[in-house]
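**Q** Sequences and hints are given; from them, build the entire structure.
Take 1 as the starting number for the sequence shown in the working numbering and just add one per residue.
Keep in mind that a hint or two might mislead.
Claimed, not checked - What follows is a set of in silico ranges between Cβ atoms, one per label pair, in the way DEER data are often shown:
hint	residue 1	residue 2	range
1	Y131	G156	16 to 22 angstroms
2	G123	A230	43 to 49 angstroms
3	P286	G43	29 to 35 angstroms
4	R117	T256	24 to 30 angstroms
5	A50	G123	47 to 53 angstroms
6	A230	A50	36 to 42 angstroms
7	D158	G12	25 to 31 angstroms
8	D128	E238	39 to 45 angstroms
Simulated from the structure, these hints should not be mistaken for lab results. Beta carbons: idealized from backbone N, C-alpha and C, even for Gly.
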Amino acid sequence: MTTATAATAATGLADAVEERLGDPYDEVNPLGFRAVLAASEAGRPLPEGAALLADTGLTVAHHGSEELLHALRALCRRTPLLAADCPVAGENAGAVRVGAATGALDSALRITVRHLRARHLYGAAAIDISYLRSLLAGAYADLLLCDVLTTLAVRGGDTLPARAIGPRVLQGAMDRLSVVMGSRFYIREGEQAVFQVLLAQAQRVLFAPGTDSGPLAGTVDLDALLATPAVADLTDPELLDAAPGRTLTAPTRRVTQPSGPVEERLYAELTDRYDTSRSFGTTVRPLPDRP
Numbered sequence: 001m002t003t004a005t006a007a008t009a010a011t012g013l014a015d016a017v018e019e020r021l022g023d024p025y026d027e028v029n030p031l032g033f034r035a036v037l038a039a040s041e042a043g044r045p046l047p048e049g050a051a052l053l054a055d056t057g058l059t060v061a062h063h064g065s066e067e068l069l070h071a072l073r074a075l076c077r078r079t080p081l082l083a084a085d086c087p088v089a090g091e092n093a094g095a096v097r098v099g100a101a102t103g104a105l106d107s108a109l110r111i112t113v114r115h116l117r118a119r120h121l122y123g124a125a126a127i128d129i130s131y132l133r134s135l136l137a138g139a140y141a142d143l144l145l146c147d148v149l150t151t152l153a154v155r156g157g158d159t160l161p162a163r164a165i166g167p168r169v170l171q172g173a174m175d176r177l178s179v180v181m182g183s184r185f186y187i188r189e190g191e192q193a194v195f196q197v198l199l200a201q202a203q204r205v206l207f208a209p210g211t212d213s214g215p216l217a218g219t220v221d222l223d224a225l226l227a228t229p230a231v232a233d234l235t236d237p238e239l240l241d242a243a244p245g246r247t248l249t250a251p252t253r254r255v256t257q258p259s260g261p262v263e264e265r266l267y268a269e270l271t272d273r274y275d276t277s278r279s280f281g282t283t284v285r286p287l288p289d290r291p
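**A** Listed below in structure tokens is the structure:
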């Protein structure tokens, strides 16, 4: 079985989860963003969450690691705390959890793109400002980086890079996107209010007690890891080179956003997937989201 075939076979459960979740912007969807926000405000679980987990079989730990990774990522696109209710076993359980959390960044990117397309500054759409496009491209590159690290880990590779680097990369990317959202990040109503919920829940999942923490310098040779053929099988290493999160293992390097042709490639791929309702990351899946 080829790498591409294996990845496709592993996404069947995730597709079922996405179908069950439905359109996040549907205001009457009991699993939509409005319901997620209401549950968060009330301090209670999402009412339809338990039924979703039972209907899709996620309450039992019999799935393969990569299949579970994609399914939990689908849940994290809607509400990371729901994914935290699913049993994950094995030596790579930590990498599965981190990889799943890239789903929160997936939704955060979509919410930010939607916001910038609707917002106008100085008579033009905010999405056309080059600096903001660079930030979006950087967040997308960070998502790809976390996806690659966690996918390699669940396929039997070293789990340390995924567990040690992934949470910080995801946190940094979402923090930068929250700045792009501006005042809308703090408003607790409307479709953009769920961004704050996604960020807070992702933090709880990624930095729960027992997760890896501490200085990263010297613990991971990220450059060597990303130069392996297994990485090239997943995505173009040039896109990963542009990820701002790569600076985490080299504290003397300044955090920079993508620029030039690689930024254009990242931004073009990001917006194409957004417009065609497909998932971000190394494996492309159809989504119920409306652009």
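**Q** Look at each hint and say if it fits the structure.
**A** A quick look at each hint next to the structure:
A beta carbon spacing of about 40 angstroms between Y131 and G156 contradicts the range 16 to 22 angstroms that was offered as a hint. For the pair G123 and A230, the supplied restraint of 43 to 49 angstroms holds, since their beta-carbon distance comes to about 48 angstroms. For the hinted restraint 29 to 35 angstroms between P286 and G43, the CB-CB distance of approximately 34 angstroms keeps it satisfied. For R117 paired with T256, a C-beta distance near 25 angstroms keeps the hint of 24 to 30 angstroms intact.
Separation of A50 from G123 is about 49 angstroms and conforms to the stated range, judged on CB atoms against 47 to 53 angstroms. Between A230 and A50 the Cβ separation comes to about 37 angstroms, which falls inside the hinted range of 36 to 42 angstroms. Distance hint check: the CB atoms of D158 and G12 are about 27 angstroms apart, consistent with the given range 25 to 31 angstroms. For the pair D128 and E238, the supplied restraint of 39 to 45 angstroms is violated, since their beta-carbon distance comes to about 25 angstroms.
Hint violations for this structure: numbers 1, 8, all remaining hints satisfied.
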